[in-house]
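Okay, here's what each chain looks like letter by letter:
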Amino acid sequence: MKIGERTSIYAALLGMLLSSGTAHAEGTLNLLTWEGYADPSYVTQFEKETGCKVNATYVGSNDDFAPKLMAGGGVYDLITPSLDTTKLMIDLDLVEPIDTAKIAEWNNIYPNLRALENIRKGDDVYGMPYTWGAIIMMYRTDAFKTPPTSISDLWNPELKGKISIWDDKSSIYLAARKNGDMNIYNLSDEQIAAARKALEEQKPLVRKYWTTAGELVDLYKSGEIVLSNTWAGNMASILKREGIPMTEFIPKEGAEGWVDIWMMVKGTPNTDCAYKYLNMQLSAVGQCAISQINTNSVANPVAAKTCMTPERFAELHQDDPTYLDKLMVWQSLGDRYEAYANAWNAVKAQ
Amino acid sequence: MRHFYRNIPAVLVLGIPFVWVVLFMLIPYGVIATYSFWEKKYPVFIPAFQWGNYQMLLADPQYIKVLLRTAKISILVSIASFLIAYPFAYYLVYRCRSARVRTWLYMAVVAPLWISYLLRAYVWKTILGTEGVLNSFLIWTGLVDTPSPIFLYNQFSMVVTLTYIFIPFMVMPIYTALEKIPKNLIEASADLGLGPWRTLMKVTLPMSLPGVVAGFTLTFCLSFGDFVAPFLVGGPDGNLIANVITTQFGSALNWPLGSALSIVMLIVVLTIISLSDRFERRGTAGGH
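Quick mapping for you: the protein sequence lines, in order, are chains A and B.
Taking full-length UniProt numbering, I'd label the letters of the first sequence as residues 1 to 350.
Taking full-length UniProt numbering, I'd label the letters of the second sequence as residues 1 to 288.
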């Protein structure tokens with residue numbers, strides 16, 4: 001009884017602490033997003049034209065969104081989780097529905113992206129698809145005589161100390177495919193355990209688990225590693241610009257796909273600025289910039305056509321909306337999330 | 001009313017520490033302790049009173065393993081700091097004739113504390129890397145032909161980095177302890193026929209022990225809670241307890257388990273502090 005009382009007092013205190021943290025600033029958009037999604041190349045102009053100031057905080061993983069929003073109260077206005085995290089955001093009641101009528105080019109978005117189940121709840125739409133791409137592998141071209149072709153190459157003992165994989169629960173997807181389990185978003189406990197075992201076996205070969213795009217680039221640049229997984233287009237193009245010969249490839253076990261979604265944080269007072277930002281991001285300005293900066297494919301092919309050469313358009317698979325369906329697009333794990341996250345944490349704890 | 005004004009100083013003197021303790025210790029620790037009994041349930045967690053989180057810490061070997069690893073790293077850091085700090089402080093107090101040089105050397109140890117912690121940890125990445133300063137030097141001297149990857153992204157690099165970062169906390173208490181030893185005791189020891197080595201072992205070291213214990217306590221506890229060094233220079237086998245806590249509060253979205261871990265960590269640190277406190281008190285009591 002006493003304990004119950006005390007718990008409820010603490011819970012009330014906690015509630016006070018959590019809810020008192022609202023620090024939205026009007027006219028200033030605070031974004032919690034990926035590197036490149038608030039690039040000065042277009043943000044400066046946006047600020048000048050609209051009078052809305054933009055602040056960006058960057059995440060290293062989709063797992064950062066929920067903790068940051070839950071702990072920080074209402075600091076952020078817009079976020080860009082990937083498709084596997086959008087449902088969690090909706091279930092956690094952290095985001096509010098978007099009025100698609102206020103987004104001018106909404107109907108130009110690929111129909112299969114607009115129809116995505118994980119951005120909807122009931123009749124409401126909670127997210128605006130923005131960019132998409134694949135999670136593939138890459139290697140230093142000058143380090144291999146026979147190019148790697150498979151996820152299994154990340155388990156090649158000859159590459160001991162020269163590989164890296166993403167510090168993310170998606171490592172489980174990677175290891176499961178190596179084990180031949182292709183239902184990566186629906187793994188049984190045994191399959192997850194097998195993936196965990198494979199990752200533990202791989203551990204002595206790993207130089208470092210990479211956490212951000214910048215860190216992976218550094219690992220290649222400083223000669224630490226020669227093979228890793230990567231966000232298609234993104235890091236390889238940075239490295240090539242720095243003169244490091246890189247080759248990207250889709251492993252024969254297939255690649256995962258991701259779609260990044262703009263969502264509006266619940267209770268933002270900046271809806272005006274937020275819609276302006278969303279509109280800019282979906283227009284040719286935003287779509288062209290992001291396809292150049294991060295080499296991502298984009299959600300609005302009409303906008304993409306205005307700045308891409310036909311070759312580039314094809315290279316980014318913008319001409320083939322079914323390409324995305326061929327990738328194993330990230331899905332919400334629901335209440336299985338913990339089993340995946342736990343397995344990955346157990347690997348790291350080893 | 002006049003009564004009240006007269007009491008203002010007393011209220012301030014007692015009130016500030018009281019508010020401090022409540023605001024910065026009791027409430028946060030209370031919140032953490034409460035969370036540690038809650039239950040993880042999709043999408044987040046729900047209030048409850050159950051020991052499941054603590055049972056999980058005991059049942060799943062990964063947590064014990066990380067705790068032991070953290071303890072091992074912290075002990076290694078403390079020992080390494082001691083081995084470097086003691087001779088250094090000894091030199092400053094007993095051998096360094098020039099007060100100016102002494103001040104400069106002391107500042108050289110303390111000054112890095114004013115530089116961003118992150119920057120100091122980052123520096124070691126550039127020193128220890130495969131194409132880093134150390135490897136370039138070794139190749140230049142001809143000691144090795146090809147750069148070696150063994151210096152970075154492992155437990156060695158974590159111990160080096162943490163030692164560098166926390167060594168001021170070993171030097172300072174030892175220096176103070178050595179300075180407090182009356183010089184005539186050392187002279188007396190020499191007069192009684194003990195050589196410098198035996199004087200060190202029989203007189204100086206025992207009398208500076210409280211400083212050594214304080215140094216060990218500080219470096220151990222600081223290393224025990226560190227999560228930046230594993231993040232920057234640690235390798236795949238470098239996960240420490242603070243990283244696991246970060247993960248539980250972050251990606252795993254399991255604040256209850258993270259809280260339980262924090263409480264365990266708090267107990268470890270408090271135990272060490274109270275043990276060292278008891279030891280120091282016994283030391284001073286026995287010494288006089």
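Derived from the structure by calculation, the hints contain no laboratory data.
There could be a bad hint or two in this list.
Stated by the list, open to error - In silico contact screen, one side only, chain B against chain A (beta carbon under 8 Å); selected entries: (1) Gly15; (2) Glu131; (3) Pro149; (4) Gly235; (5) Ser251.
Just so it is clear, CB atoms sit at the ideal spot from N, CA and C, and this is done for glycine as well.
These are the hints, each one checked on the structure:
1. Taking 8 Å as the C-beta contact cut-off toward chain A, the hint placing glycine 15 of chain B at the interface is violated, the least distance being around 21 Å.
2. Checking glutamate 131 of chain B against chain A by beta carbon gives a least distance of about 5 Å; that is within 8 Å, so the hint holds.
3. Restraint check, proline 149 of chain B versus chain A: the minimum CB separation of about 5 Å is within 8 Å; hint holds.
4. A least Cβ separation of about 6 Å between glycine 235 of chain B and chain A falls short of the 8 Å threshold, and the interface hint therefore holds.
5. Checking serine 251 of chain B against chain A: minimum C-beta separation of about 3 Å stays under 8 Å; hint holds.
Consistency with the previously given hints fails for number 1 only.
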